[in-house]
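In the order they appear, the protein sequences are chains A and B. Going left to right, the first sequence walks through residues 1 to 639 as the UniProt record's numbering numbers them. Going left to right, the second sequence walks through residues 1 to 234 as the UniProt record's numbering numbers them.
Think of the hints as simulated: they come from the structure by calculation, not from any bench. Small disclaimer: the values here were computed from a predicted structure and weren't measured. Possibly wrong hints are sitting among the right ones.
Restricting the straight-line Cα-Cα distance to at most 27 angstroms, the calculated cross-link-like pairs of lysine-lysine (DSSO-like) are [what the hints assert, rightly or not]:
no., chain 1, residue 1, chain 2, residue 2
1, B, Lys69, A, Lys95
2, A, Lys443, A, Lys45
3, B, Lys149, A, Lys368
4, B, Lys77, A, Lys485
5, B, Lys71, A, Lys445
6, A, Lys485, A, Lys95
7, B, Lys77, A, Lys553
8, A, Lys562, B, Lys69
9, B, Lys149, B, Lys230
10, B, Lys149, A, Lys568
11, A, Lys562, B, Lys149
12, B, Lys77, A, Lys368
13, A, Lys303, B, Lys71
14, A, Lys218, B, Lys77
15, B, Lys71, A, Lys553
16, B, Lys103, A, Lys443
17, A, Lys450, B, Lys149
18, A, Lys485, A, Lys44
19, B, Lys61, A, Lys450
20, B, Lys149, B, Lys103
21, A, Lys303, B, Lys223
Residues of chain B clear of chain A, computed beta-carbon distances all greater than 10 angstroms [to be verified]:
no., residue
22, Gln33
23, Lys69
24, Glu74
25, Gly78
26, Thr105
27, Thr115
28, Ser130
29, Ser143
30, Val154
31, Trp167
32, Lys181
From the three backbone atoms N, C-alpha and C, an ideal C-beta is built for every residue, glycine too.
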Amino acid sequence: MTFYLFDRSFYIASDVLLAYITVILSGAALFYLITKANKWPTIKKYVTTTHHRKIGVLYLLSATLFFIRAGIEALIIRIQLAVPENDWWVFQGDKFNEAFTTHGTIMIFFVAMPLLIGLMNVAVPLQIGARDMAFPYMNAVSFWLFLAGAILVNMSFFMTASPNAGWTAYAPLSVSTYTPEAGNDYYVFGLQVSGIGTILAAINMIVTIVRHRAPGMKLTRMPLFPWSTLITSFLILIAFPVLTIALYILMFDRMFGTQFFTGEAGSPIYWQHLFWIFGHPEVYIIILPAFGIFSDVISTFSKKRVFGYTSMVIALAIIGLLGFMVWVHHMFTVGLGPLVNTFFAITTMLIAVPTGIKIFNWLFTMRKGLIRFTTPMLFSLGFIPTFVVGGVTGVMLSVAAADMQYHDSYFVVAHFHYTMIGGTVLGAFAGIYYWFPKMFGIKLKDTLGKWHFWLFVIGFHITFFPMHLAGLNGMPRRVYTYLPKDDVFIYNFVSTIGAFLMGLGTLAFIWNIYQSFKKPDYTGNDPWDGRTLEWSVPSPAPEHPFQPMPLVKTIDPLWEAKRNRGGKLPEAESARSAPIDVTSWQPIGLAGMMMVFSLAFIYHQTWLQIIAGIGVLSFFVIRNLTDEHVRVTREEENE
Amino acid sequence: MRKIYMILSSVLLILSGCNLRVLDPKSQTAKDQSFLVQFSFALMMIVFATVIVLFVWFVWKYRQTEENKHKIPEDEKGNRLFEITWTVLPIILLAVLAVPTIKITYEISASSSATPPNAVHIDVTAQQFSWTFEYQNGVVQTSELVLPKDRPVVFHLNSDDVIHSFWVPKLGGKKDVIPGKERRLILTPDEVGTYQGKCAEFCGKDHALMRFETIVKTQEDYKQWLQKMKQKIE
Ligand code: HEM
Ligand SMILES: [Cu+2]
Ligand SMILES: [Cu+2]
């Protein structure tokens, strides 16, 4: 769209223009509503908080926002592909490529990750009887760095420079020879900055779980969600630095003229190895916590402890280990030779074994139980058959020779959405419905929850099942059009209809949140007849939840207490030292400075790089000078 | 009634997967791959069916009703025997799948490293966003690939810019085309016909349009065609 102002003509793509208008209008409306409801103090409280529950809520809130954005992109993709040779709006060529690139990138890094990390923040400390995360200040830094990275990737669209090399950013397409625009720089810096946040979050989780469990809660008595969090955090700690390095090298290739991924000495295959050594563990990073959620939810709503607890934990650990030994299954078509290909085919198949163990354990948890079809349980029940479809197609994909046909076709698109939506997203929804009372003291509405579930899950299968067939009929992924003679019209058309059903389901979810706050159903400590510690504290969880500190003697302490002790948990004599809560503007300041720093690189402004770099470093100094431990010790001495 | 029947039959047609290109192979390689697809699918259906049966059975049988609402299920930690069963059986199932996987993966790779004596050699060059095919006698074709029936064809795959991937679903594949190093793929078409070829690795703006037509001719026709093209350039 071209328009004229002061005798000059300006060009702005109509989709970007529309996005600007939408964002500005809704921003203004939001500002008005917040001011009218006098909510600025609440916002300030959240922005400066270091409390695990509030940070968890912030993660979940931003994940939901980004889910809406990337979801809109999914609908755009589906509309453009609804009929052959479609010419819808601007979404052909680069615009389409940008849409699926940011869809994939945002969904993985800024939806799946924060949904799970958010739920960990809310639930894990309460489940293990900790007062807060081990490092509350660092927890806030993690969140704000994550958000800074997310904003970078999201703002690229508004700067008409979206990343456009796929979420995998394969070199040499992603180096500046072929994509000189700023788009892939946003990708590099966005993921880099949020990646630091993720690594810090993982360290925090590990220390919290290792150091801050309630007295008596041995690792062998820990619920499965904290277990999966612990193992996931180790995966993050190993996998994310690989991404950091890969992005770092890519940055050098893009900005400083090195040739790691091109030219004589370099090779584009290096990028693929680095990316997938990170990338495959990443898909387990976003599925294992969901497994943990399902274990807790299924056990609660079957009124039984989880079947085969020990094998559940071992299975998680084995999946985590094997997850590092399968990355080449994304590279079967590169031509690394039969030995390499079959080795990685076998390791990939092996992962099916521990995954199968988990599925059967969940089924047998329900056996002889008493199943209540609450909304969180519905999502968990929807997960089992859906995820099994994704699992069996996963085994089919591991067959190296056959994968040469599936690879980069819609079959793969179907497969990974079955695992990521069927696993991660359904798991996150289950977790949100399940722990909502602990976040806000109210329950989400059950009827709307059921609408949400059925629309979303039915829509899901309608969207993604036909993609298997489109793939087998020779439809490559990442194409913006196809021909009538390709015979994939019917699959694509059905798929588009399904996508809109999923959209309706998501609207039902958002409406549900709105309604639940408008007409709140306040709940007590234990709305679901729960089994673990988090249900023994008030809803929403207070700042100092465990006073007195419970003494844990079984896997489901609260359940045992309700059966044998009239609901009272045994008390521990001494409590663990609690982390120190602070409120601080520093975390958001640091993240903001990191964003400026990144932008200075993206737009090659050396002077700004220097200033922002000094700015970032000075936050380290400030932090050292304002350490709350010093303050608290001094206060204690004065007493 | 007629209408319902028609809808049902078209749904069946969609589901049965007949005519799906990958499952309608026209070369030995693609046939092996198609076999693997179907074999692994069949094995996996055993797993899927087992899970679904247990799932429906348990969810139905153990749902909460008005009568049993206040019952507390018996505590149950696990069951060694069951757990061993669902560890060992999948391992056996996967072993069954692993055998043809290894065999066929080796066969496909091996056939790509040796060069059969009567092979046809074609230099394939991929560039954003088209394919060029160069024959041994100097004939150069764009976006149209002509192959002889029943003779092994050695594709020498090279890229001028980014990574592409060479894919003819009915003949098998695919093989990435990576700048800097030649890769090879050997296919032996065994039926005359016209098949779609596509770039399968995202390569930029018009990746979607980077297609080619593959025409398999009898050896006679192929020879004639090559000669005719040769004369054209001379
Ligand atoms: C909500 C409904 C969703 C729909 C309708 C949808 C649809 C699609 C479609 C059609 C593609 C293929 C684009 C192409 O190859 O041209 C795609 C790609 C992708 N989707 Fe989704 N998706 C949805 C949700 C999700 C979620 C929840 C995740 C992850 C948690 C996800 C992750 C991805 C990724 C990683 C890609 C690959 C992007 C790439 O090729 O670079 N999607 N999606
Ligand atoms: Cu993988
Ligand atoms: Cu391409």
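Each hint tested on the structure:
no., hint, in the structure
1, Lys69/B / Lys95/A, "violated, 56 angstroms"
2, Lys443/A / Lys45/A, "holds, 23 angstroms"
3, Lys149/B / Lys368/A, "violated, 62 angstroms"
4, Lys77/B / Lys485/A, "violated, 57 angstroms"
5, Lys71/B / Lys445/A, "holds, 26 angstroms"
6, Lys485/A / Lys95/A, "holds, 25 angstroms"
7, Lys77/B / Lys553/A, "holds, 16 angstroms"
8, Lys562/A / Lys69/B, "holds, 17 angstroms"
9, Lys149/B / Lys230/B, "holds, 20 angstroms"
10, Lys149/B / Lys568/A, "violated, 81 angstroms"
11, Lys562/A / Lys149/B, "violated, 76 angstroms"
12, Lys77/B / Lys368/A, "holds, 12 angstroms"
13, Lys303/A / Lys71/B, "holds, 10 angstroms"
14, Lys218/A / Lys77/B, "holds, 17 angstroms"
15, Lys71/B / Lys553/A, "holds, 24 angstroms"
16, Lys103/B / Lys443/A, "violated, 56 angstroms"
17, Lys450/A / Lys149/B, "violated, 58 angstroms"
18, Lys485/A / Lys44/A, "violated, 58 angstroms"
19, Lys61/B / Lys450/A, "holds, 21 angstroms"
20, Lys149/B / Lys103/B, "holds, 25 angstroms"
21, Lys303/A / Lys223/B, "violated, 75 angstroms"
22, Gln33, "violated, 5 angstroms"
23, Lys69, "violated, 8 angstroms"
24, Glu74, "violated, 7 angstroms"
25, Gly78, "violated, 4 angstroms"
26, Thr105, "violated, 4 angstroms"
27, Thr115, "holds, 16 angstroms"
28, Ser130, "holds, 15 angstroms"
29, Ser143, "holds, 14 angstroms"
30, Val154, "holds, 14 angstroms"
31, Trp167, "violated, 7 angstroms"
32, Lys181, "violated, 8 angstroms"
Violated hints, listed in ascending order, are 1, 3, 4, 10, 11, 16, 17, 18, 21, 22, 23, 24, 25, 26, 31, 32; each of the other numbered hints is respected by the structure.
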